[in-house]
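Chemist: Sequence:
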Amino acid sequence: MRSLEEQRPFPCDRKPEIEYPCLWLYKVIGKDPKSIRDAIMAVCTPLPVLISPSHSSSRGTYWSFNAELEVKDEDTRLAIYQSLTSHPAVKLVL
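Residue numbers (the working numbering): 58 to 151.
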């Protein structure tokens, strides 16, 4: 039996190199479209953010939106991610 490391198609032992500032896209998923949009705006303000619908489940239970904005550095990128993931209206951030 192969080890977990051998099963990975692309083992990664270092962080990706990202040149800042850059455009970053977060996919934000939740249950209420208005609440998701409000959460994105609350977290990203004062930075300008482009919010666009991405997908909804067939029963309309879950909605996803793309939030695209320019991030100036890794700390900003990670802080936005953390704030989105901890927001009560958000179920998942990719």
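A couple of the hints might just be wrong.
Stated by the list, open to error - In silico PhoX-like links for lysine-lysine, alpha-carbon gap of 25 angstroms or less: (1) Lys-129 <-> Lys-88; (2) Lys-84 <-> Lys-129; (3) Lys-72 <-> Lys-88; (4) Lys-148 <-> Lys-88.
Think of the hints as simulated: they come from the structure by calculation, not from any bench.
Computed from a predicted structure; not experimentally measured.
Chemist: Given the proposed pairing of Lys-84 with Lys-129, does the C-alpha separation stay at or below 25 angstroms?
Modeler: Distance ~19 angstroms between Lys-84 and Lys-129 Cα, so the pair holds.
Chemist: Within 25 angstroms, alpha carbon to alpha carbon, are Lys-72 and Lys-88?
Modeler: violated (32 angstroms)
Chemist: Take a quick look at whether Lys-148 and Lys-88 sit within 25 angstroms of each other, Cα to Cα.
Modeler: holds (8 angstroms)
Chemist: Check the hint pairing Lys-129 with Lys-88 against an upper bound of 25 angstroms on the C-alpha distance.
Modeler: violated (30 angstroms)
In summary, the numbered hints that this structure violates are 1, 3.
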